[in-house]
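Can you join these two chains into the complex? Each is in its own frame, and there are hints to help.
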Amino acid sequence: MDADRITEKLNILADAAKYDVSCSSSGSKRKNENKGLGNASNGICHSYTEDGRCVSLLKILLTNHCIFDCAYCVSRKSNDIKRAAFTVQEVVDLTINFYRRNYIEGLFLSSGIFKDADFTMERLVRVAKKLRLEHNFHGYIHLKSIPGASDELMNEAGLYADRLSVNLEMPTEAGLKLLAPDKSHQEMIKPMGYLKNAIIKHTEEKKLFKKAPIFAPAGQSTQVIIGATPENDNQILHSANYFYKNFKLKRVYYSGYVPVLEDSRLPALNTSVPMVRENRLYQADWLMRNYGFHVSEIVNNHQPHLDLDIDPKLSWAIRNMQEFPIDVNRADLKIILRVPGIGVLSAQKIVSARKFGKLNWEHLKRMGVSVNRAKYFITCQSKEFERRDLTGNAIKQFILATSHSKYIKNVHTQLNLF
Amino acid sequence: MTTLIYDGTFEGLLTAVFDVYAHKLDVVKLHQGEWLEGALFDEKMQVITDETRAGRVLKALKLKLSTLGVQRLYAAHLAEIPGEDNNLLGFIRYAIDTDENIEEDYGNRYVMRVSEMVRMVRREKHRMEAFIRFQKLRDGSFYAAIEPDFNVLPLLIKHFRSRYADMKWMIYDLRRKYGIYYDLHDTQFITLDFAENSRQADIVAAYTEDEGMYQNLWKNYFKSVNITSRKNTKLHVRHIPKRYWKHLTEKI
Ligand code: SF4
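Residue numbers (numbering that gives the first Met the number 0), protein chains in the order written: chain A, 0 to 417; chain B, 0 to 251.
You can take every hint at face value.
Once the Cα atoms are required to be at most 27 Å apart in a straight line, the calculated DSS-like pairs of lysine-lysine come out as: (1) K157(B) to K209(A); (2) K250(B) to K230(B); (3) K124(B) to K245(B); (4) K233(B) to K17(A); (5) K167(B) to K128(A); (6) K34(A) to K157(B); (7) K364(A) to K124(B); (8) K249(A) to K205(A); (9) K157(B) to K30(A); (10) K222(B) to K81(A).
Away from chain A, derived, C-beta distances all over 10 Å, residues of chain B: (11) F17; (12) W34; (13) S65; (14) I95; (15) R137; (16) R174; (17) I251.
To be clear, the hints were calculated from the coordinates, so they are not data collected in a lab.
The beta carbon of each residue, even a glycine, is placed where N, CA and C say it ideally should be.
Extracted from the complex, chain B is given alone in its bound form (with noise of 0.2 Å):
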């Protein structure tokens, strides 16, 4: 068995799948990490990411899966979910040897692990929609933190930037340490580098004078849906696990 090292990168796993077949490799591990001299493997390989190489992959894998296949996976390897290399890895294997195209073989375990991964991603993805909370800053701006479970923001930029087009925001992710910014315009990535601390201070310190009346009146409102009748606290939970409760304003 040979032990593939890469970057991490979307490309630096499709360089690793041309490495694959330029070497003839059979039973292979892909392992996410620096390159270290003498590591406890066997045999290893360092996977140099190549951008042609990676594109040739990338060319051979739009031939025998859709579109959304493609994007599928794309989303699958972005989430950055640990320990599931070696399934994207065998996926894409598994595509390129097969002559038809094999995304619906859910009978396949490679095809059925990307299709949960998808899965999980998608729905955190659609949390992120529904919990991200905005807080309007004095410049007129809104501001949202959030600590997803997946590598989600990149994903969450085409719904914010069509529903919310007539004004600034940034959604930040705490975990991963960058955020993305709207200007009415166009959205990039950005960094902040506040310290640990003082952070969420700061903001409040820059909330709209109206900011602290909307969210009591949002906490008001949430308390006076409820119906004690009806309380089951079970389905609550389930609905919105505790680690997402941080930053929900009717949570706090």
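So here's chain A without its partners, still in its complex pose (with noise of 0.2 Å):
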């Protein structure tokens, strides 16, 4: 390999594919065969950026040559700007050489999209299969699926790949048509659909047939860019909702557009990147997959934006505070995990370690509850508690006077907008 070239080549493609947020390498399921190189479960951040994101895979595009004019992308066909293709030979060598030195747990492979879909396809699923059938490689692999391709190659993916991924990029098609007149929703269901069917097919076979292949063991996931259209975060996590329930995806991703180019459509170069609010709807997200809580429960018409100054458990929490307080000691865990402070390993350790005795605030400080917002919502075996009859918005100016968010100095740049 010439050094200067492929150094030029990296520097380009990993560039241009930096927007896309996803980095998760976990959810596989992949063993090491054969005493082949790698294998691929819980998903490792090897490094993280300066920015503070994961850095698990080598992400880069095949290409960043395109047919295509989508307004908020930097390789867009009428960008002025260096491009760049590495060869499937050179992509397979970099995955291999930065996986054996333990940079990574696998490649993210995206691509600009030449002459077609399914010439552009062909080429990320070559890549895929020659790490897998003449590497013996079991790392991770996500290819991002080229809207358009053919179910054949679709198929193909699916076997060589953990995870496969169509972007939404904006949240609805009317913001879809203003910023990237090329694209479709519709178009980029059609593979989803095909995906989806295609690894419910593959994991009843598994379960018939031990031998039967393992298709896109980590499922499919999907982003959205925020900031760039005017959607409301009702509108983002109703659409996140419904690909979550109709896809079956794994994982939404939340991008806050990051202004790249000058273009009459999108906010102006100079405007901050929207991270408060990418972080609330990450934390939104994170309530509807993993703390029980309805979409409608946390944004809905009277409440068409998440909070920025306080997360959207708390916010929950102080619109509803007729429901509490509640009394760790008898309540019952989907309770519990609703109230501020209290994550999901220190409910059920609550729920264990109450089978013993009955738990005082000593205790719960230290099962890691965050006694400072817990305080307002609970009881325990203890005399004091939170006697006031305070009003939700007492509570919050209380907890906002005690806490120090990581993203909250980016708040106040980030409210002049609005």
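Here's what the structure looks like:
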């Protein structure tokens, strides 16, 4: 390999891929077989960028040549930038060599669309196939499914990749039409639907025959860009919920729009990235997936936006003060999970430990409960508890006065824009 | 109060437990170290590590705890976190003295402390699985140096063996001066003796031809995935504390 040329390509094609925020390498159960290289299970973050994002995969484009002209994308046809393309072998060599040095969990390969969908998809699939069959590689592979690619190619992709994704990009069709006139949700949904059915079919076969091939074991995910178009959080989260339910997606990623291009349809170049909003959306998504909240408890027509200054769980609690206080020594696990300041792990600890005796504040503190938050919503085996009949708003002020968010310093600059 | 002096091994710890029950001791303090005649303690006893006695205590523990519970206790001890001997002893005594399994009694301070220790050890183990950087040497094998906060090397074997089954590798704990080596068939513990300061130079001299290139490619990659307009140093350092930077290719 020519070091200079490959370095230049890597710089261009990693740079163009970085706006795709998904970097998860978990959810697969691929074992190392026949003394090969690698396995994929829980997903490890091998490093973190200076903005604190997980680096787990070699995330690159095969090429940034593209026939489309999506307004939000640096690789769009009308943008005057340096273009480059990897060969299949170059991607394979980089992946194997990075993997052996324990830099990465695997490969996330996406691409601009050159020529047409099938032509592009065929090359992505070829990389995965080579890694699996010629290099006995069992690490994680995430391939982008190119909308419009044939079912045969999608099927082959599923046989070699752990995860496949189609990015919806804009939360609504209208937003998409505005910024990506070449695309439609309909076209994106087609491969998603195909993959959903194929995954279900293969899972059933696998139950019957141990030898049946595994098919995209880490499932499908998608990404929506937020802040480029005017959709509110209610629309975004309901659309995420729709895709979780109907396409059995494993994850929806929310990517705060990073202004990279001058375009009258887009926020101006000096607009700051909506990082707090992005973080709140992830928290809300998390509540939907792991805490048993229904999407319309979090956002609805009366409450179309997530609070920026407090997290959505606290926000829900202070809107629903009639549900509190609850007694942690008696309440069901699913109720305890709804208390601000109590996470999944501490909730489970509480339920296990109270079998041995009633719990007090000291116990809760040691179990990792953030008592400063939780104290407004619970009672326990202790004489001291919050007796004042505080309004939701007062509680919010008390909590804000004593907490430090890792994002909050950005809130002010962001609020000015609304 | 009686101070028990033991050798710091897991068998030693279990023997100490045996002695506590054999001599019907009540308030005790466990101390790691050498037996010194006339040292500061009023009442002291030397624990002489004994496999049979340790085995009996282990058997008793296995009746009271789940398999996982015993493993967790072992991991907590293995980590050699300073000053925790008494908590481990307290945990074992509480487990033995109680009829039911106490593993989940997080209201008890020993149980909670052991659970915290296990969490600390796990986190260190996960960090090592993430932050180890192999360097390819001329003989085709891969080498990594680490300096973990706790003694987690033995806990890493399984992960690295199942991941890198098709290459020879070695992970060396510079602080505790021993390593593990996998030769495509087995793993073994090894010690290397190289002079303190020639160490890094020796290894660089043994690199394969393309090792430098891949290190540079990785550094470049790390730079290009950064999004400057999102910079958040606080979050960055929370994820990768500075003490780990020294062995991270992309941070050197
Ligand atoms: S198709 Fe993909 S790569 Fe091409 S311009 Fe649109 S978003 Fe960018």
